[in-house]
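Enquirer: Given next are the chains, with one letter for each unit.
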Amino acid sequence: MLIKRRTFTKALGAGLAAGALPAFGHQARAADFKAGYVYVGPIGDHGWSYQHDQGRLAADKALGITSTYVEKVPEGADAERVIRELAETGHGIIFTTSFGFMDPTLKVARDYPEVKFEHATGYKRADNVSTYNIRFYEARYIQGVIAGKMSTSGVVGYIGSIPIPEVIMGMNAFILGMRSVNPQGRIKQVFINSWYDPGKEADAAKALLDQGADIIAQHTDSPAPLQVAQERGLKGFGQASDMIKFAPDAQLTSAVDFWDDYYTERTKAAMEGSWASHDVWGGLKSGMLHMAPYANMPDDVKQMAMATEADIRDGKLTIFKGPINAQDGSAKVAAGEVLDDGAIAGMDWLAQGVEGDLPK
Amino acid sequence: MESAVLVSILLSVIAASTPLLLAGIGELVVERSGVLNLGVEGMMLVGAIAGFAVTYSSGSASLGILAAALGGMAMALVFAFLTLTLQANQVATGLALTIFGIGLAAMMGAGFVGHPVPKLPGLDLPLLSAIPVIGPLVFGQDFLVYFSIAAVIGASWFLYRSHGGLVLRAIGDSHDAAHAIGYPVIRIRYLACLFGGAMSGLAGAYLSLSYTPMWAEDMSAGRGWIALALVVFATWRPGRLLLGAYLFGGITILQFHVQTMGLGIPPQFVSMLPYLATILVLCAISSDATRIRLNAPACLGRPFHAAG
Amino acid sequence: MHLEIIARGERSRTWAYLSPVLAIVLTLVTSAFIFAFLGKDPLAALKVMWIDPVLTKRGFAELFVKAAPLVMIAIGLALGFRANVWNIGAEGQFIMGAIFATGVALYFYEVQNWPVWLAMIPAGILGGALWGAIPAFLKLRFNANEILTSLMLTYVASLILLYLVAGPWKDPDGYGFPQSRMFSDAANSPRLISGTRIHVGVFASLGIVILGWFLLQKSMLGFQLKVLGQAPRAAAFAGFSTRGLTWLSLLVGGGLAGLAGMFEVAGPIGQLTPALPTGYGFTAIIVAFLGRLHPIGILFGGLVLALSYLGGEKAQIALGLPAAVVKINQGILLFYLLACDLFIRYRVKIATGRAA
Numbered sequence: 001m002l003i004k005r006r007t008f009t010k011a012l013g014a015g016l017a018a019g020a021l022p023a024f025g026h027q028a029r030a031a032d033f034k035a036g037y038v039y040v041g042p043i044g045d046h047g048w049s050y051q052h053d054q055g056r057l058a059a060d061k062a063l064g065i066t067s068t069y070v071e072k073v074p075e076g077a078d079a080e081r082v083i084r085e086l087a088e089t090g091h092g093i094i095f096t097t098s099f100g101f102m103d104p105t106l107k108v109a110r111d112y113p114e115v116k117f118e119h120a121t122g123y124k125r126a127d128n129v130s131t132y133n134i135r136f137y138e139a140r141y142i143q144g145v146i147a148g149k150m151s152t153s154g155v156v157g158y159i160g161s162i163p164i165p166e167v168i169m170g171m172n173a174f175i176l177g178m179r180s181v182n183p184q185g186r187i188k189q190v191f192i193n194s195w196y197d198p199g200k201e202a203d204a205a206k207a208l209l210d211q212g213a214d215i216i217a218q219h220t221d222s223p224a225p226l227q228v229a230q231e232r233g234l235k236g237f238g239q240a241s242d243m244i245k246f247a248p249d250a251q252l253t254s255a256v257d258f259w260d261d262y263y264t265e266r267t268k269a270a271m272e273g274s275w276a277s278h279d280v281w282g283g284l285k286s287g288m289l290h291m292a293p294y295a296n297m298p299d300d301v302k303q304m305a306m307a308t309e310a311d312i313r314d315g316k317l318t319i320f321k322g323p324i325n326a327q328d329g330s331a332k333v334a335a336g337e338v339l340d341d342g343a344i345a346g347m348d349w350l351a352q353g354v355e356g357d358l359p360k
Numbered sequence: 001m002e003s004a005v006l007v008s009i010l011l012s013v014i015a016a017s018t019p020l021l022l023a024g025i026g027e028l029v030v031e032r033s034g035v036l037n038l039g040v041e042g043m044m045l046v047g048a049i050a051g052f053a054v055t056y057s058s059g060s061a062s063l064g065i066l067a068a069a070l071g072g073m074a075m076a077l078v079f080a081f082l083t084l085t086l087q088a089n090q091v092a093t094g095l096a097l098t099i100f101g102i103g104l105a106a107m108m109g110a111g112f113v114g115h116p117v118p119k120l121p122g123l124d125l126p127l128l129s130a131i132p133v134i135g136p137l138v139f140g141q142d143f144l145v146y147f148s149i150a151a152v153i154g155a156s157w158f159l160y161r162s163h164g165g166l167v168l169r170a171i172g173d174s175h176d177a178a179h180a181i182g183y184p185v186i187r188i189r190y191l192a193c194l195f196g197g198a199m200s201g202l203a204g205a206y207l208s209l210s211y212t213p214m215w216a217e218d219m220s221a222g223r224g225w226i227a228l229a230l231v232v233f234a235t236w237r238p239g240r241l242l243l244g245a246y247l248f249g250g251i252t253i254l255q256f257h258v259q260t261m262g263l264g265i266p267p268q269f270v271s272m273l274p275y276l277a278t279i280l281v282l283c284a285i286s287s288d289a290t291r292i293r294l295n296a297p298a299c300l301g302r303p304f305h306a307a308g
Numbered sequence: 001m002h003l004e005i006i007a008r009g010e011r012s013r014t015w016a017y018l019s020p021v022l023a024i025v026l027t028l029v030t031s032a033f034i035f036a037f038l039g040k041d042p043l044a045a046l047k048v049m050w051i052d053p054v055l056t057k058r059g060f061a062e063l064f065v066k067a068a069p070l071v072m073i074a075i076g077l078a079l080g081f082r083a084n085v086w087n088i089g090a091e092g093q094f095i096m097g098a099i100f101a102t103g104v105a106l107y108f109y110e111v112q113n114w115p116v117w118l119a120m121i122p123a124g125i126l127g128g129a130l131w132g133a134i135p136a137f138l139k140l141r142f143n144a145n146e147i148l149t150s151l152m153l154t155y156v157a158s159l160i161l162l163y164l165v166a167g168p169w170k171d172p173d174g175y176g177f178p179q180s181r182m183f184s185d186a187a188n189s190p191r192l193i194s195g196t197r198i199h200v201g202v203f204a205s206l207g208i209v210i211l212g213w214f215l216l217q218k219s220m221l222g223f224q225l226k227v228l229g230q231a232p233r234a235a236a237f238a239g240f241s242t243r244g245l246t247w248l249s250l251l252v253g254g255g256l257a258g259l260a261g262m263f264e265v266a267g268p269i270g271q272l273t274p275a276l277p278t279g280y281g282f283t284a285i286i287v288a289f290l291g292r293l294h295p296i297g298i299l300f301g302g303l304v305l306a307l308s309y310l311g312g313e314k315a316q317i318a319l320g321l322p323a324a325v326v327k328i329n330q331g332i333l334l335f336y337l338l339a340c341d342l343f344i345r346y347r348v349k350i351a352t353g354r355a356a
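Protein chains in written order, with this note's numbering: chain V, 1 to 360; chain G, 1 to 308; chain W, 1 to 356.
Read the hints as simulated data drawn from the structure, not as lab findings. Check the hints yourself; a few may be wrong.
Residues from chain G shown here face chain V by an in silico Cβ test under 10 Å; the list is partial [unchecked claim]:
1. Arg187
2. Met219
3. Ser220
4. Thr260
5. Met261
6. Leu276
The following residues of chain V were derived to be distant from chain G, with all beta-carbon distances above 12 Å [stated by the list, open to error]:
7. Gly273
8. Ser277
9. Pro298
10. Gly356
Cβ coordinates follow ideal geometry from the N, Cα and C atoms, glycine included.
Okay, chain V solo, but in the shape it has when bound (with noise of 0.2 Å):
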């Protein structure tokens, strides 16, 4: 099963369904109702707290609420006590959207047990405090199927930020899709060692290409590495939301993140008094995560990155699915076995295609 957790659809079904009997049901209640969000950068990075931002605005115009929200807010000392400062008065659900906030959540969250947490992209959860992310790996399949037929030197340039799971399935994805329908595909990726720089995320693009890359993929969230594809005529693909205005003949696709739903949803029960813990990892399927529209390619290519999104999204297509080479050639998953998302969450080893190292 490539979906052991509970899903976001499930989740959103049981939420609606509890929202026909609300337990504070008074039309009055919304709008003293508070939802507070922690950023970890600034929402003007137009990256990963500019897309949440987009949710939270996107969740209060749908609940006709006014929400708070903190941001540039470090994961060190400071974050726990923004937290509890939003738990403190008042906000009757608080979403803390980056990894680091994880354990200050958890602490706040055992003083305040009538206030609920959604906590992104961690893995501790508590009766009052769920998890909740995207399945970004899913997308990267579907790039690497596009990068397999259009790359003419069969090499990918991978931009990622810092070596965690989340990157690493993401290549992982990125070139199980390419070889999938070209056996030599290959990634060549550099760690630009930094969330958040585009200069440095334009370096590291330049010096792909140099390196005989002509398509960049990246892990980070500024449409510079596009810029730098558009400039030389090459292609790329977006990141975090759709950039094809920052490069109309290089985008072929990105993967948007896309919270609105859940924000809304969320928000929803627990105003309504029907939110309930959970763990929700969420892709194409749940609409958490959207491609932006397919564009620079041609039309077999366009049809078959539908057909492999199609295929991802009703569970036909397994994408962490044996057999499966390490880098140096050895088995990794065998033939048939299929990663669960333990493994998946918990991915440390590159797949065979991947050139490059990974501290140890």
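Take the given structure of chain V and dock chains G and W to it, following the hints.
Expert: Chains G and W only, in chain V's frame:
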């Protein structure tokens, strides 16, 4: 290596080095006048958003570049007023200027996130830019790249060959003596600060109009600090600053190529190369103590008040 | 009409105390105008930013938790700044202190006993001092300017941190995320006041203020540093060792930054994470000068700056102000505080006509 690849690598080195050089040459002149402005990062960000906002709104990159310079100068004016007129501590005021600039730039830029502008065009000279290798490198760059090189030559000429430069250096080395001779210490320092602000602003414009043509908060990502360090690296000489900026930019690019080679070195260690190399080279060129002392402005960071 | 600034014969003791008050009044007036311009009730907004953060016991405690590392680092830096040793890499020394302390905590992970925590203290100091020793050595051996070396070493330190948490020190049960495991309880600083995050490090900071005051204001060493900073040649004549004082400045500055790093990982955070460096080392430079390089002044400087951070969070939550406005306010506060020190040494006259 194919020449096309070599050209392309050198082009990326130029792009990585130019913002450091622009901001660095401004700060170098400021420091030569005896003022230490640690607010380069803040001025750079304000320049970046001013340049982007005006280019985006007016459609004219020339106006944008002008606005970036003016934005940087406005920030420098705040610094100069506080430190030169009101005698506030330079180190702390510069750091406060950075905090202020980060906030100001973010506020100015709130409406400009997520919009592209066309990249600053190269000044393609017909025929010349078609010459292999040299053509695109030497004749295909954009205005700010040429300007950064011209600024090095200009600053070098100004500091060592002009009367104004002599006065500026005299003020940096001993403001009391310069004042006694009758040189207008404060006015010259004001002008130097404004020049530094304009250059930091242009460095910002290079980021938001050429390097990565977009606006995003904090997009300078610490380059102002590197520029400051490079002025020290250069031992306050424009020629060495050029060398330092290109060395740093070059190794920044090189480290990505090293990473793809699969040498088994963790990427974090490879990323240390530019910083370590700068320290090593500084040690090598500084060991001759007498030459450094000749260059470091003796009054750097010290407040001046005309007695009597 | 223009401002005429006339030097006083000696520093005004009255203005030494009055100038921060004036600065704060000016900041409040300016902020009120900004808030009004943004459509907020100025008085209510000022209350949210400057009074609300310390109205509760927990808030008051947070003020000290936030100020503690700033003050601790700033005292060490002040030592060097007095002697014209420009260590601007305290951030890197802070990181190395945290790394060394974490090394001890992880090595003795199984030892559930308080000596672990005790051993982390010298480890943190050692880590920071070691990182401060490099610029000292390079300055004295190769004449390499410490502004550059200490700053560059900050970047190196944060990359070492990234390497350790993504590689050898990665939490084995952490799903591969780049951070160390949570320290055992034995490796965390004892919390001293229930319901707050006040830990031993906060009191250590206060202790260092007193120690620093004695050292800088009352001892021969403080005098030597002062002379070295103000008149290097006189210091040489008097037989003070420039080398010794350079070493001392960077070792003490680094050591205290390292100690602050140790208290940060062993206190509020409880593990080594890549998010550890949040700019304390740079902010502490401002704190040092806000406090006019005087330990008691630094204590107040640290508290004011900490309050501005806490108030900034309150303003974002209660008033919906973006972080940018908070930063601008913070910048203005610092400008006023720095500028008002003018009155200590100068009188300002509004004159008409041309200046002489």
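Enquirer: Quick one: which hint numbers does this structure break? Sort them smallest to largest.
Expert: 1, 6 and 10
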